[in-house]
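> The residues making up each chain are set out below.
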Amino acid sequence: MAAQRATNNAAQGKICQFKLVLLGESAVGKSSLVLRFVKGQFHEYQESTIGAAFLTQTVCLQDTTVKFEIWDTAGQERYHSLAPMYYRGAQAAIVVYDITNQDTFARAKTWVRELQRQASPNIVIALAGNKADLANKRMVDHEEAAAYSEENGLLFMETSAKTAMHVNEIFLAIAEKLPKNEGGTNRPRPEVDITQSNPPGGSKGCCSSH
Amino acid sequence: MAGTSKTSNGRTTGATIGTLSKIDAYGFKRGEDFDYKSYENFESEYLAVLARRMKRWNEKVLDNGQAKSVKHRRMVKRFCRKGIPERHRPMVWMDVSGARKKMQKEPEKYQKLLSSDPDTLEDRLVQDAINTDLDRTFPDNIHFQVATAENQKKQLNNILIAYGRHRPEIGYCQGMNYITALLLIVVKDEEKCFWLLSVLIDTILPQYYSKMMTALRAELNVLTEIVGTKYPNIQRVMDSEGIPWMLVASKWFICLYIDILPIETVLRIWDCLFYEGSKVLFRVALFLIKDKETVIKECNGMPDIIESFKNLKTDDRALECHQFIHDCFIETNPLPKAEIKKLRTKHVALVEEEDRKLAAKREAR
Ligand SMILES: Nc1nc2c(ncn2[C@@H]2O[C@H](COP(=O)(O)OP(=O)(O)OP(=O)(O)O)[C@@H](O)[C@H]2O)c(=O)[nH]1
Ligand SMILES: [Mg+2]
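As you go down the protein sequences, you meet chains R and Y in turn. Its first residue numbered 241, the first sequence is counted upward by one per residue in the numbering used here. Its first residue numbered 931, the second sequence is counted upward by one per residue in the numbering used here.
Hints listed in this document are in silico derivations from the structure and should not be mistaken for laboratory results. Quick caveat: nothing in here was measured; it's all calculated off a predicted structure. Be a bit skeptical, because a hint or two may be false.
[Stated by the list, open to error] Restraint-style ranges between C-beta atoms, simulated for each label pair:
(1) Y/R1286 <-> R/N392: 27 to 35 Å
(2) R/Q358 <-> Y/L1280: 13 to 21 Å
(3) R/E416 <-> Y/K959: 36 to 44 Å
(4) Y/K959 <-> R/E317: 25 to 33 Å
(5) R/G393 <-> Y/P1264: 51 to 59 Å
(6) Y/N1230 <-> R/P324: 44 to 52 Å
(7) R/N392 <-> Y/F1259: 51 to 59 Å
(8) R/N392 <-> Y/R1017: 53 to 61 Å
(9) Y/F1259 <-> R/H283: 33 to 41 Å
(10) R/G393 <-> Y/S1045: 30 to 38 Å
(11) R/H283 <-> Y/E1036: 37 to 45 Å
(12) Y/Q1041 <-> R/A375: 22 to 30 Å
(13) Y/K1272 <-> R/K417: 43 to 51 Å
[To be verified] With a straight-line Cα cutoff of 20 Å, these simulated EDC-like cross-link-like pairs (lysine to aspartate or glutamate) come out:
(14) R/K279 <-> Y/E1237
(15) Y/K1291 <-> R/E354
(16) Y/K1240 <-> R/E287
(17) Y/K1181 <-> R/E287
Built from N, CA and C at the ideal position, the CB exists for glycine as well.
Just chain R, with the same shape it has in the complex:
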């Protein structure tokens, strides 16, 4: 593993690590998206997240390896007061709503607004309309969300943690859009030599973008 990492490192040059936070109403599927992205799994009954969960995953782009440090937060309204701790210094955010629930879309918009005002100025924000597999229960138009994202300069995809649709894609799109030169502005250590860092337990290592 270490050797492979070293080779990758040499072949691909740059390694960047980015802090990414997931925000959105409870039960929209934040944890499920992360679980799909990091472990390739889906649980019909996913435990509600308390506080926040931390996971890492690495993806490879053309010439860069991007390591995501992911904060999956709790969605209930009152946990909002803890959220700034988690998005502070984040270079990327995925704001998630559930396409079968209009209220969660409204909530997503307030998260976007809050991020635009309070988070790092260059934060890359993606909007994920999750549970796209439940198209017959759809309550939020694709066009409406796309137009809103366009206006606000957000990446936008409809996703399904259940079928895996667009899950890797949305993380990859974020990785593409993140500035690789500085590797993020607020990090004390934007670039690390991955050969020296322990591969975290959950991660399948480099280039595990299925």
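The hints should help you fit chain Y with the ligands onto chain R, whose structure is shown.
Chain Y with the ligands alone, transformed into the frame defined by chain R:
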């Protein structure tokens, strides 16, 4: 619940070693990384401890060994720290926490709360939030599995709804579902669980679950200050890495160590919690932090530190609950109650002040 739990109970039949079930005595599925070998080693010793404790409880604390009530003597504190025998846990928790008194004082309250139908938007929102979480509470526990646990889920639902009506200003906060579910697993009596939950939230714990979670945020700042005093070297690293304890420890306090530590260890912590109050939550936090001192000092950035606190459920030291609690008290002494009270007051005020400033800033825009 008693009706459905036909699984082998590791505790009562546990004399046979080498036949550890994939499901523990409380109905939780053992994880893939569960170390059967070291658990067996631990359990063979712990069973002897439990037998001895049972004998001592019967002799010294219980009325003629009749598990009806605890004779309140000074030794009960020590006895709770050494672990309440599983069979007596429901009764002892009810007694030492004051829940039984509350229940006796208002014997009809629980049923009244349940049958009242406030028909307010607030009550409906609480019901919806609880409903969303019913299938997401211990989905891997046989007592709460979706297919088979209708009855337990109904009880869980009832208790949470009743609590929301009992304290509408709190309503329902995620995390309460796990606490209530574990109470149900141990106590197996809906109404008693309601009273234990109320006594926990209303008197034992600070107001963690309130709408702004002010006391919870303050609690983590209190923890920071205590770590700074007791283990300045650790706090220095955390400060220089820019990691607030909130990122590591918020769930510790919200869930009272459920899903953080092995289940037996959690119950041993709760034995102390119900008798002597919430200070034990700090003791455990400090002990866990101190135990990671080397890792923290040698760490390579934030992810390392966060990860190092993630696998405590299968950590050998945490698994050996008897030793764990013993060492925990020794390591964290002294920890004066008055000091904690002072720090809590101070940090609640600071958090409230911050919130006020933030709100004013928002309004100004
Ligand atoms: N059909 C369908 N169900 C999904 C999808 N994603 C998640 N779910 C289900 O929705 C429920 C909630 O998912 P979670 O991932 O726990 O939601 P969350 O946003 O993390 O919720 P909190 O932790 O409470 O904030 C779970 O029961 C999932 O199985 C999806 O893409 N399709
Ligand atoms: Mg979640």
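> Would you mind marking each hint as holding or not holding in the structure?
Cross-check of the supplied hints:
At roughly 30 Å, the beta carbons of Y/R1286 and R/N392 sit within the given window of 27 to 35 Å. At roughly 20 Å, the beta-carbon separation of R/Q358 and Y/L1280 lies within the given 13 to 21 Å, and the hint holds. The hinted range of 36 to 44 Å is satisfied by R/E416 and Y/K959, whose Cβ atoms lie roughly 39 Å apart. Checked against the hint of 25 to 33 Å, the C-beta distance between Y/K959 and R/E317 comes to roughly 31 Å, which is consistent with it.
Checking the proposed 51 to 59 Å range against R/G393 and Y/P1264 shows it holds: the Cβ atoms sit about 55 Å from each other. Between Y/N1230 and R/P324 the C-beta distance comes to about 26 Å, which lies outside the given range of 44 to 52 Å. A beta carbon spacing of about 53 Å between R/N392 and Y/F1259 agrees with the range 51 to 59 Å that was offered as a hint. Taking 53 to 61 Å as the suggested C-beta distance range, the pair R/N392 and Y/R1017 conforms, at roughly 60 Å.
For Y/F1259 and R/H283, the Cβ-Cβ distance of about 38 Å falls inside the hinted range of 33 to 41 Å, so the restraint holds. Taking 30 to 38 Å as the suggested C-beta distance range, the pair R/G393 and Y/S1045 does not conform, at roughly 52 Å. Hint check: R/H283 to Y/E1036, Cβ distance near 40 Å, so the stated range 37 to 45 Å holds. Distance hint for Y/Q1041 and R/A375: a CB-CB separation of about 44 Å, inconsistent with the stated range 22 to 30 Å.
A hinted range of 43 to 51 Å for the beta carbons of Y/K1272 and R/K417 is consistent with their spacing of about 48 Å. Taken as a hint, the R/K279 and Y/E1237 pair is honoured in the structure, with Cα atoms around 16 Å apart against an allowance of 20 Å. Annotation: proposed proximity of Y/K1291 to R/E354 holds, straight-line Cα distance about 13 Å (limit 20 Å). Distance check on the hinted pair: Y/K1240 and R/E287 sit about 16 Å apart at the alpha-carbon level, within 20 Å; holds.
For a cut-off of 20 Å, the pair hint linking Y/K1181 to R/E287 stands: about 13 Å separates their Cα positions.
This entry does not satisfy hints 6, 10 and 12, going by the numbered hints stated previously.
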